[in-house]
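Peer 1: Residue-level listing of the chains:
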Amino acid sequence: DTAVSQTPKYLVTQMGNDKSIKCEQNLGHDTMYWYKQDSKKFLKIMFSYNNKELIINETVPNRFSPKSPDKAHLNLHINSLELGDSAVYFCASSALGTVYEQYFGPGTRLTVT
Amino acid sequence: GNSVTQMEGPVTLSEEAFLTINCTYTATGYPSLFWYVQYPGEGLQLLLKATKADDKGSNKGFEATYRKETTSFHLEKGSVQVSDSAVYFCALREGAAGNKLTFGGGTRVLVKP
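As they're listed, the protein sequences go chains A and B. Position 53, counted from 1, in the first sequence is what the numbering used here calls 53; the numbers after and before it change by one each time, with no gaps. Position 94, counted from 1, in the second sequence is what the numbering used here calls 94; the numbers after and before it change by one each time, with no gaps.
There could be a bad hint or two in this list.
DSBU-like, lysine-lysine: derived pairs with alpha carbons at most 35 Å apart [to be verified]:
#	chain 1	residue 1	chain 2	residue 2
1	A	Lys52	B	Lys52
2	B	Lys68	B	Lys100
3	B	Lys100	A	Lys9
4	B	Lys68	B	Lys52
5	A	Lys9	B	Lys68
6	A	Lys36	B	Lys56
7	A	Lys36	A	Lys9
8	A	Lys67	A	Lys44
9	B	Lys68	B	Lys56
10	A	Lys67	B	Lys68
11	A	Lys19	B	Lys60
12	A	Lys22	A	Lys9
Covered stretches of chain B (in silico footprint by chain A; criterion: 3 or more residues with CB under 8 Å from a CB of chain A, positions within the stretch not fixed) [claimed, not checked]:
#	region
13	40 to 47
14	57 to 63
Hints are computed from structural coordinates only; laboratory data are not their basis. For glycine and all other residues, C-beta sits at the position ideal for the given N, C-alpha and C.
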């Protein structure tokens, strides 16, 4: 059973397009996250949702809009894609608490041409 | 703000060599500390964790000790295998940060037979 799944795995698109990445977790976790990993492997949190409520919003351009229809899903929509958006995007989830582990999805490699 | 600094890679070793990856942190409170591992083409997986000073986390032959006095959490393994080739991330989490993880820049380890 896949714990945290993302679709698509690869996404190639042109500048200016709008695209979405979907994430689902079947772990019963309360909290979900989006991370961006750049070409140098640097990993930075973008958003965090707890029970469909936004709790972390780092300084991410407002072209990025997360949407959580229920606590098992956190989708990422990106408007007007730019070259600098090319990266690997990871979804993760955790149970809300003190030291609970975050479980990561396999990642979506986004290439903007 | 919080930050995590890791030694830059790549680290190239022969099989059965001793591995150390240095990690130091800056935090305002008393964070929990983690090591995550990312195998090629996969998402991050929790390798080990420590929640308070002098705790030692261990898993799969890897160990790291939470040293508050030196604000460090160095990762060690006594005898590496080719299958340990991966990118290793040190991370911290503060309780008041909504489960937010702050990652170091990652250290690529390549183990040659």
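Peer 1: Given the hint that B/Lys100 pairs with A/Lys9, test it: the Cα-Cα distance must not exceed 35 Å.
Peer 2: Cα-Cα ~24 Å, so holds.
Peer 1: Is the straight-line distance between the alpha-carbon of A/Lys52 and that of B/Lys52 35 Å or less?
Peer 2: With a Cα-Cα distance of about 31 Å, the restraint between A/Lys52 and B/Lys52 holds, given a limit of 35 Å.
Peer 1: Compare the distance between the alpha carbons of A/Lys67 and A/Lys44 with 35 Å, and conclude whether the hinted pair is satisfied.
Peer 2: Distance of about 19 Å is within 35 Å: holds.
Peer 1: For the pair supplied as a hint, A/Lys19 and B/Lys60, confirm whether the alpha-carbon distance does not exceed 35 Å.
Peer 2: 39 Å, violated
Peer 1: Has the given pair, A/Lys36 with B/Lys56, been kept, meaning a C-alpha gap of at most 35 Å?
Peer 2: Since the Cα atoms of A/Lys36 and B/Lys56 sit roughly 29 Å apart, the hinted pair holds (cutoff 35 Å).
Peer 1: Taking 35 Å as the top limit, are the C-alpha atoms of A/Lys22 and A/Lys9 close enough?
Peer 2: 10 Å, holds
Peer 1: Going straight from one Cα to the other, do B/Lys68 and B/Lys100 come out at no more than 35 Å?
Peer 2: 20 Å, holds
Peer 1: Taking 8 Å as the Cβ threshold, is the statement that the region 57 to 63 of chain B is covered by chain A upheld or broken by the three-residue rule?
Peer 2: violated (count 0)
Peer 1: Assess, step by step, whether the Cα of B/Lys68 is no farther than 35 Å from the Cα of B/Lys56, and give holds or violated.
Peer 2: 12 Å, holds
Peer 1: Take a quick look at whether A/Lys36 and A/Lys9 sit within 35 Å of each other, Cα to Cα.
Peer 2: The hint holds at about 14 Å.
Peer 1: Sort out whether B/Lys68 lies within 35 Å of A/Lys67, counting only the CA atoms.
Peer 2: 39 Å, violated
Peer 1: Counting residues of the region 40 to 47 of chain B whose CB is closer than 8 Å to a CB in chain A, do you get three or more?
Peer 2: holds (count 6)
The structure fails hints 5, 10, 11, 14 (numbered hints given earlier, in ascending order).
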